[in-house]
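Using the numbering used here, count along the sequence shown one by one with no gaps and you end on 231.
Hint data in this document are derived by calculation from the structure and do not stem from the laboratory. Accuracy of the hints is not assured; some may be wrong.
[Unchecked claim] Label pairs and their in silico Cβ distance ranges: (1) Asp70 x Asp38: 12 to 22 Å; (2) Ala200 x Arg31: 27 to 37 Å; (3) Gly207 x His124: 18 to 28 Å.
Every value quoted in this text rests on a predicted model; they were computed, and no experiment measured them. Ideal placement from N, C-alpha and C gives every residue a C-beta, glycine not left out.
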Amino acid sequence: MNSAEQRNDPVEDYVTSLESALHGPERARSRLVEEVRDGLTDSVAEHTCRGLPYGRAAAEAVRDFGSAHDLIASCQRELTITQSRHTARRIAMTAPFLITCWYLVRTADQDGQLPRTAQLTAAHLAGVAVVAALLAAVALAATGNVARRLPTPDRLPRMVGWAGTTASVSMAVAALALATASALATNWPLTALAGVLAAASHGWMAGSVRACRKCARLPVMELSVDQQLPG
1 MNSAEQRNDP VEDYVTSLES ALHGPERARS RLVEEVRDGL TDSVAEHTCR GLPYGRAAAE
61 AVRDFGSAHD LIASCQRELT ITQSRHTARR IAMTAPFLIT CWYLVRTADQ DGQLPRTAQL
121 TAAHLAGVAV VAALLAAVAL AATGNVARRL PTPDRLPRMV GWAGTTASVS MAVAALALAT
181 ASALATNWPL TALAGVLAAA SHGWMAGSVR ACRKCARLPV MELSVDQQLP G
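I would like the entire structure built from these sequences, with the hints used as guidance.
Structure representation (C-alpha coordinates):
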(Lines of atoms letter the chains of each structure in order from A; the text may use other names.)
(Lines give C-alpha, C1' and ligand atoms only; values in the text may rest on other atoms or scores of the structure.)
Protein backbone atom coordinates (compact mmCIF):
# COMPACT_ATOMS: atom_id res chain seq x y z
CA MET A 1 0.00 0.00 0.00
CA ASN A 2 1.52 3.31 -1.09
CA SER A 3 1.49 6.58 0.86
CA ALA A 4 -1.59 7.92 -0.98
CA GLU A 5 -3.55 4.79 -0.10
CA GLN A 6 -2.45 5.07 3.53
CA ARG A 7 -3.80 8.62 3.67
CA ASN A 8 -7.13 7.58 2.07
CA ASP A 9 -7.64 4.13 3.51
CA PRO A 10 -11.39 3.39 3.92
CA VAL A 11 -10.62 0.62 6.42
CA GLU A 12 -8.57 2.85 8.70
CA ASP A 13 -11.14 5.65 8.41
CA TYR A 14 -13.89 3.20 9.35
CA VAL A 15 -11.97 1.79 12.32
CA THR A 16 -10.90 5.25 13.52
CA SER A 17 -14.46 6.56 13.47
CA LEU A 18 -15.62 3.48 15.37
CA GLU A 19 -12.87 3.77 17.99
CA SER A 20 -13.45 7.47 18.62
CA ALA A 21 -17.21 7.02 19.01
CA LEU A 22 -17.18 4.15 21.53
CA HIS A 23 -17.16 4.54 25.32
CA GLY A 24 -16.67 1.84 27.91
CA PRO A 25 -14.05 -0.36 29.62
CA GLU A 26 -10.81 0.05 27.71
CA ARG A 27 -10.07 -3.66 27.36
CA ALA A 28 -13.53 -4.49 26.01
CA ARG A 29 -13.46 -1.44 23.74
CA SER A 30 -10.08 -2.39 22.29
CA ARG A 31 -11.25 -5.97 21.75
CA LEU A 32 -14.30 -4.85 19.77
CA VAL A 33 -12.26 -2.46 17.63
CA GLU A 34 -9.67 -5.15 16.87
CA GLU A 35 -12.42 -7.63 15.94
CA VAL A 36 -13.78 -5.12 13.43
CA ARG A 37 -10.30 -4.35 12.08
CA ASP A 38 -9.55 -8.07 11.66
CA GLY A 39 -12.86 -8.64 9.89
CA LEU A 40 -12.23 -5.79 7.48
CA THR A 41 -8.67 -6.94 6.86
CA ASP A 42 -9.88 -10.46 6.01
CA SER A 43 -12.52 -9.03 3.69
CA VAL A 44 -9.95 -6.84 1.92
CA ALA A 45 -7.70 -9.88 1.46
CA GLU A 46 -10.55 -11.80 -0.17
CA HIS A 47 -11.23 -8.95 -2.59
CA THR A 48 -7.55 -8.48 -3.49
CA CYS A 49 -7.25 -12.20 -4.16
CA ARG A 50 -9.86 -11.71 -6.86
CA GLY A 51 -7.64 -9.12 -8.53
CA LEU A 52 -9.03 -5.85 -7.14
CA PRO A 53 -6.52 -3.09 -6.29
CA TYR A 54 -6.26 -2.28 -2.59
CA GLY A 55 -8.31 0.93 -2.76
CA ARG A 56 -11.28 -0.73 -4.39
CA ALA A 57 -10.92 -3.84 -2.20
CA ALA A 58 -10.98 -1.69 0.95
CA ALA A 59 -14.01 0.25 -0.28
CA GLU A 60 -15.84 -3.01 -1.05
CA ALA A 61 -14.94 -4.42 2.38
CA VAL A 62 -16.32 -1.36 4.15
CA ARG A 63 -19.47 -1.49 2.01
CA ASP A 64 -19.96 -5.17 2.89
CA PHE A 65 -19.59 -4.37 6.60
CA GLY A 66 -22.55 -1.98 6.46
CA SER A 67 -23.24 1.40 7.98
CA ALA A 68 -20.70 2.60 10.56
CA HIS A 69 -23.56 4.25 12.44
CA ASP A 70 -25.36 0.91 12.93
CA LEU A 71 -22.16 -0.86 13.95
CA ILE A 72 -21.26 1.90 16.43
CA ALA A 73 -24.71 1.66 18.01
CA SER A 74 -24.49 -2.11 18.30
CA CYS A 75 -20.95 -2.08 19.72
CA GLN A 76 -21.81 0.71 22.15
CA ARG A 77 -24.77 -1.22 23.49
CA GLU A 78 -22.48 -4.14 24.25
CA LEU A 79 -19.95 -1.82 25.91
CA THR A 80 -22.68 -0.15 27.96
CA ILE A 81 -23.77 -3.50 29.34
CA THR A 82 -20.14 -4.45 30.00
CA GLN A 83 -19.58 -1.17 31.87
CA SER A 84 -22.74 -1.77 33.91
CA ARG A 85 -21.45 -5.20 34.94
CA HIS A 86 -18.04 -3.73 35.78
CA THR A 87 -19.64 -1.07 37.97
CA ALA A 88 -22.01 -3.58 39.60
CA ARG A 89 -19.06 -5.78 40.53
CA ARG A 90 -17.29 -2.82 42.13
CA ILE A 91 -20.41 -1.94 44.08
CA ALA A 92 -20.68 -5.53 45.31
CA MET A 93 -17.02 -5.67 46.29
CA THR A 94 -17.32 -2.54 48.45
CA ALA A 95 -20.06 -4.12 50.59
CA PRO A 96 -17.59 -6.04 52.84
CA PHE A 97 -15.60 -2.81 53.42
CA LEU A 98 -18.76 -0.96 54.48
CA ILE A 99 -19.71 -3.77 56.85
CA THR A 100 -16.18 -3.55 58.26
CA CYS A 101 -16.69 0.20 58.78
CA TRP A 102 -19.90 -0.49 60.67
CA TYR A 103 -18.15 -3.11 62.83
CA LEU A 104 -15.23 -0.80 63.62
CA VAL A 105 -17.55 2.01 64.70
CA ARG A 106 -19.59 -0.35 66.87
CA THR A 107 -16.39 -1.64 68.48
CA ALA A 108 -15.11 1.89 69.07
CA ASP A 109 -18.41 2.82 70.73
CA GLN A 110 -18.41 0.13 73.41
CA ASP A 111 -18.29 2.81 76.13
CA GLY A 112 -21.18 4.73 74.55
CA GLN A 113 -19.13 7.94 74.19
CA LEU A 114 -19.12 8.15 70.40
CA PRO A 115 -21.17 11.08 69.01
CA ARG A 116 -24.67 10.29 67.79
CA THR A 117 -23.68 11.41 64.28
CA ALA A 118 -21.03 8.69 64.05
CA GLN A 119 -23.47 6.06 65.29
CA LEU A 120 -26.02 7.06 62.65
CA THR A 121 -23.28 7.09 60.02
CA ALA A 122 -22.32 3.52 60.92
CA ALA A 123 -25.93 2.38 60.63
CA HIS A 124 -26.27 4.20 57.32
CA LEU A 125 -23.13 2.50 55.95
CA ALA A 126 -24.50 -0.91 56.91
CA GLY A 127 -27.75 -0.13 55.09
CA VAL A 128 -25.92 1.09 52.00
CA ALA A 129 -23.83 -2.10 52.00
CA VAL A 130 -26.91 -4.34 52.02
CA VAL A 131 -28.76 -2.36 49.33
CA ALA A 132 -25.64 -2.09 47.15
CA ALA A 133 -24.98 -5.83 47.37
CA LEU A 134 -28.57 -6.66 46.42
CA LEU A 135 -28.57 -4.20 43.52
CA ALA A 136 -25.26 -5.50 42.21
CA ALA A 137 -26.54 -9.09 42.36
CA VAL A 138 -29.66 -8.16 40.37
CA ALA A 139 -27.64 -6.19 37.79
CA LEU A 140 -25.10 -8.97 37.31
CA ALA A 141 -27.86 -11.57 36.96
CA ALA A 142 -29.78 -9.44 34.45
CA THR A 143 -26.69 -8.93 32.27
CA GLY A 144 -25.21 -12.41 32.66
CA ASN A 145 -26.65 -15.79 31.71
CA VAL A 146 -30.20 -14.46 31.94
CA ALA A 147 -29.41 -11.88 29.25
CA ARG A 148 -28.72 -14.66 26.77
CA ARG A 149 -32.40 -15.64 26.92
CA LEU A 150 -34.06 -12.34 27.82
CA PRO A 151 -33.32 -8.76 26.66
CA THR A 152 -31.41 -6.57 29.11
CA PRO A 153 -33.72 -3.89 30.61
CA ASP A 154 -33.10 -0.59 28.84
CA ARG A 155 -32.89 1.39 32.07
CA LEU A 156 -30.58 -1.00 33.92
CA PRO A 157 -27.29 0.81 33.11
CA ARG A 158 -28.81 4.12 34.22
CA MET A 159 -30.09 2.52 37.43
CA VAL A 160 -26.67 1.01 38.19
CA GLY A 161 -24.96 4.33 37.49
CA TRP A 162 -27.17 6.43 39.74
CA ALA A 163 -27.37 3.82 42.50
CA GLY A 164 -23.59 3.66 42.44
CA THR A 165 -23.46 7.45 42.59
CA THR A 166 -25.69 7.43 45.67
CA ALA A 167 -23.49 4.84 47.34
CA SER A 168 -20.30 6.68 46.37
CA VAL A 169 -21.56 10.03 47.73
CA SER A 170 -22.69 8.28 50.93
CA MET A 171 -19.20 6.90 51.39
CA ALA A 172 -17.63 10.32 50.92
CA VAL A 173 -19.98 11.91 53.47
CA ALA A 174 -19.40 9.01 55.86
CA ALA A 175 -15.64 9.38 55.57
CA LEU A 176 -15.89 13.05 56.51
CA ALA A 177 -18.24 12.35 59.43
CA LEU A 178 -16.06 9.55 60.78
CA ALA A 179 -12.90 11.64 60.45
CA THR A 180 -14.57 14.35 62.55
CA ALA A 181 -15.91 11.85 65.08
CA SER A 182 -12.51 10.21 65.52
CA ALA A 183 -11.24 13.43 67.11
CA LEU A 184 -13.90 13.04 69.83
CA ALA A 185 -13.82 9.29 70.32
CA THR A 186 -11.94 7.56 73.10
CA ASN A 187 -11.01 4.69 70.83
CA TRP A 188 -10.22 7.01 67.93
CA PRO A 189 -7.94 4.69 65.87
CA LEU A 190 -10.86 2.37 65.07
CA THR A 191 -13.10 5.27 64.07
CA ALA A 192 -10.34 6.79 61.97
CA LEU A 193 -9.74 3.43 60.27
CA ALA A 194 -13.45 3.20 59.44
CA GLY A 195 -13.22 6.65 57.86
CA VAL A 196 -10.20 5.63 55.80
CA LEU A 197 -12.03 2.52 54.54
CA ALA A 198 -15.08 4.60 53.59
CA ALA A 199 -12.89 7.10 51.72
CA ALA A 200 -11.00 4.33 49.92
CA SER A 201 -14.27 2.65 48.89
CA HIS A 202 -15.52 5.97 47.51
CA GLY A 203 -12.34 6.54 45.50
CA TRP A 204 -12.28 3.00 44.14
CA MET A 205 -15.90 3.14 42.97
CA ALA A 206 -16.20 6.75 41.76
CA GLY A 207 -14.43 6.40 38.39
CA SER A 208 -16.42 3.32 37.36
CA VAL A 209 -19.68 4.97 38.41
CA ARG A 210 -18.96 8.07 36.30
CA ALA A 211 -18.16 5.88 33.29
CA CYS A 212 -21.40 3.93 33.80
CA ARG A 213 -23.48 7.12 33.91
CA LYS A 214 -21.77 8.38 30.75
CA CYS A 215 -22.50 5.14 28.87
CA ALA A 216 -26.09 5.06 30.15
CA ARG A 217 -26.74 8.53 28.68
CA LEU A 218 -25.92 7.32 25.17
CA PRO A 219 -29.08 6.48 23.16
CA VAL A 220 -28.21 2.87 22.36
CA MET A 221 -30.20 0.80 24.86
CA GLU A 222 -33.34 1.09 22.74
CA LEU A 223 -31.91 -1.29 20.11
CA SER A 224 -33.94 -4.42 19.69
CA VAL A 225 -32.47 -7.80 20.57
CA ASP A 226 -31.85 -8.74 16.93
CA GLN A 227 -29.60 -5.66 16.54
CA GLN A 228 -27.18 -6.79 19.25
CA LEU A 229 -23.80 -8.19 18.34
CA PRO A 230 -23.71 -11.99 18.30
CA GLY A 231 -22.11 -13.78 21.26
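Here's how the hints hold up against the structure:
no. : hint                        : verdict
1   : Asp70 x Asp38: 12 to 22 Å   : holds (19 Å)
2   : Ala200 x Arg31: 27 to 37 Å  : holds (30 Å)
3   : Gly207 x His124: 18 to 28 Å : holds (23 Å)
In summary, this structure violates none of the numbered hints.
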